[in-house]
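**Q** Here is how the chains run, residue by residue.
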Amino acid sequence: MTQAQHILSIRTRGQGLHEVTREVAAWVAEQGIGTGLLTVFCQHTSASLTIQENADPDVQVDLEAFFRRLVKEDPSLYRHTMEGPDDMPAHIRGALTDVSLTIPVSGGRLALGTWQGIYLFEHRHRSHMRRLVLHLAGG
Amino acid sequence: MTQAQHILSIRTRGQGLHEVTREVAAWVAEQGIGTGLLTVFCQHTSASLTIQENADPDVQVDLEAFFRRLVKEDPSLYRHTMEGPDDMPAHIRGALTDVSLTIPVSGGRLALGTWQGIYLFEHRHRSHMRRLVLHLAGG
Amino acid sequence: MTQAQHILSIRTRGQGLHEVTREVAAWVAEQGIGTGLLTVFCQHTSASLTIQENADPDVQVDLEAFFRRLVKEDPSLYRHTMEGPDDMPAHIRGALTDVSLTIPVSGGRLALGTWQGIYLFEHRHRSHMRRLVLHLAGG
Numbered sequence: 000m001t002q003a004q005h006i007l008s009i010r011t012r013g014q015g016l017h018e019v020t021r022e023v024a025a026w027v028a029e030q031g032i033g034t035g036l037l038t039v040f041c042q043h044t045s046a047s048l049t050i051q052e053n054a055d056p057d058v059q060v061d062l063e064a065f066f067r068r069l070v071k072e073d074p075s076l077y078r079h080t081m082e083g084p085d086d087m088p089a090h091i092r093g094a095l096t097d098v099s100l101t102i103p104v105s106g107g108r109l110a111l112g113t114w115q116g117i118y119l120f121e122h123r124h125r126s127h128m129r130r131l132v133l134h135l136a137g138g
Numbered sequence: 000m001t002q003a004q005h006i007l008s009i010r011t012r013g014q015g016l017h018e019v020t021r022e023v024a025a026w027v028a029e030q031g032i033g034t035g036l037l038t039v040f041c042q043h044t045s046a047s048l049t050i051q052e053n054a055d056p057d058v059q060v061d062l063e064a065f066f067r068r069l070v071k072e073d074p075s076l077y078r079h080t081m082e083g084p085d086d087m088p089a090h091i092r093g094a095l096t097d098v099s100l101t102i103p104v105s106g107g108r109l110a111l112g113t114w115q116g117i118y119l120f121e122h123r124h125r126s127h128m129r130r131l132v133l134h135l136a137g138g
Numbered sequence: 000m001t002q003a004q005h006i007l008s009i010r011t012r013g014q015g016l017h018e019v020t021r022e023v024a025a026w027v028a029e030q031g032i033g034t035g036l037l038t039v040f041c042q043h044t045s046a047s048l049t050i051q052e053n054a055d056p057d058v059q060v061d062l063e064a065f066f067r068r069l070v071k072e073d074p075s076l077y078r079h080t081m082e083g084p085d086d087m088p089a090h091i092r093g094a095l096t097d098v099s100l101t102i103p104v105s106g107g108r109l110a111l112g113t114w115q116g117i118y119l120f121e122h123r124h125r126s127h128m129r130r131l132v133l134h135l136a137g138g
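Protein sequence lines, in the order shown, are assigned to chains A, B and C.
By numbering that gives the first Met the number 0, the letter at position 76 of the first sequence is numbered 75, and the numbering carries on one by one without gaps.
By numbering that gives the first Met the number 0, the letter at position 66 of the second sequence is numbered 65, and the numbering carries on one by one without gaps.
By numbering that gives the first Met the number 0, the letter at position 66 of the third sequence is numbered 65, and the numbering carries on one by one without gaps.
Treat the hints as calculated values from the structure; they're not laboratory data.
There may be inaccurate statements among the hints.
Said to hold, decoys possible - Each pair of labels, with its calculated beta carbon distance range:
| no. | chain 1 | residue 1 | chain 2 | residue 2 | range |
| --- | --- | --- | --- | --- | --- |
| 1 | B | ARG68 | A | GLU72 | 40 to 50 Å |
| 2 | C | PRO84 | A | ALA28 | 46 to 56 Å |
| 3 | A | GLU63 | B | ARG68 | 15 to 25 Å |
| 4 | C | GLU22 | B | GLY106 | 16 to 26 Å |
| 5 | A | ASP57 | B | ARG68 | 22 to 32 Å |
| 6 | C | GLU82 | B | GLY106 | 37 to 47 Å |
Note that CB positions come from ideal geometry on N, CA and C, so glycine has one too.
Use the sequences and the hints to build the structure in full.
**A** Here you go:
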């Protein structure tokens, strides 16, 4: 078994889901590892990760809308408000979704289901540069 | 260190928690790996994974009821409705729970706590055949 | 590649976030593994794990308050009440957050972002002794 690591930098364009499947799969394919385990780790607490259906873009719109209803951007609810009304809700949305994903690699490719895509979930309104750490171990 | 992979196919019987601890533990025991890390990955976006108390079956009923209250099956809330009123709620419930679990293996067995069981969480009303990818690395 | 495991026992002091970054990082540093993957696994279903901002303590207060609003400690909502009014809500809060975290190790250190801390999230009101299994694989 061997391993490899890589930093994937992604510029988001505001609140919502940004698909990164292609970038992640391309790096995995370059490593020449047939069977293994990929970890994607998000180095931020106001953006996170999720695996969602990649067929109908409405799924992404509905998911974002659900989180906006569930975690109100209402400063009267929070003490931590100095970084803006969307910052504490971003931390909560991060806790409810995933900071890391582990995905088996089989036949040199991610063993994702047919309709699964990997998404960086931006929780802030403004564009941000986000860093994902990719770790692959296998042989 | 060596590794092994396996596909576990599970037929669910409608919305709710389906315990898979026995099937997962049996496959781990067959691999002859004393110390390692098991990953369970769910290849679907309308079913997911969770670790819950396995002592009182009421816990499973209460958990299912909580998610039904939190994520309404009300088509007026969603754009993505063509696959049925339970499909978009299923994707949201998937985002709130786990698509993958990583569990240490120690002494050849899953290092679960006394009351922990591994559950496949079906979010659709109808029975489905679900595929879990098991990955074990260790020595 | 080699691997190591360790049990980290933590006494919590009631509901809320308890930072364990220092204890986890210290164990990782002792293993002499430059590049690898750390898994933290919580052996309980009424406490869980999360990575959150470690700069402003108000974030922890707001996160706890959000979960208290979202998952009511109201026995009329649950069947599973015999272990106290905070037990079933604890299981639900566990399902919504993380039972395990996987964090890449780079240069012998956890590849956490600048503001990320690892927290044990206690969901019961009383103090508990909690067991975290640490697994590190790398080389």
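**Q** Each hint needs a verdict: does it hold in this structure or not?
**A** Taking the hints in turn, this is what the structure says about them:
1. ARG68/B with GLU72/A: 40 to 50 Å: Given range 40 to 50 Å: violated, Cβ gap about 22 Å.
2. PRO84/C with ALA28/A: 46 to 56 Å: holds (52 Å)
3. GLU63/A with ARG68/B: 15 to 25 Å: With a Cβ separation near 21 Å, GLU63/A and ARG68/B satisfy 15 to 25 Å, so the hint holds.
4. GLU22/C with GLY106/B: 16 to 26 Å: At roughly 23 Å between Cβ atoms, GLY106/B and GLU22/C fall inside 16 to 26 Å, so the hint holds.
5. ASP57/A with ARG68/B: 22 to 32 Å: Taking Cβ atoms as reference, ASP57/A and ARG68/B lie about 24 Å apart, which means the hint holds.
6. GLU82/C with GLY106/B: 37 to 47 Å: violated (29 Å)
In this structure, the earlier hints numbered 1, 6 are contradicted, and the remaining ones agree with it.
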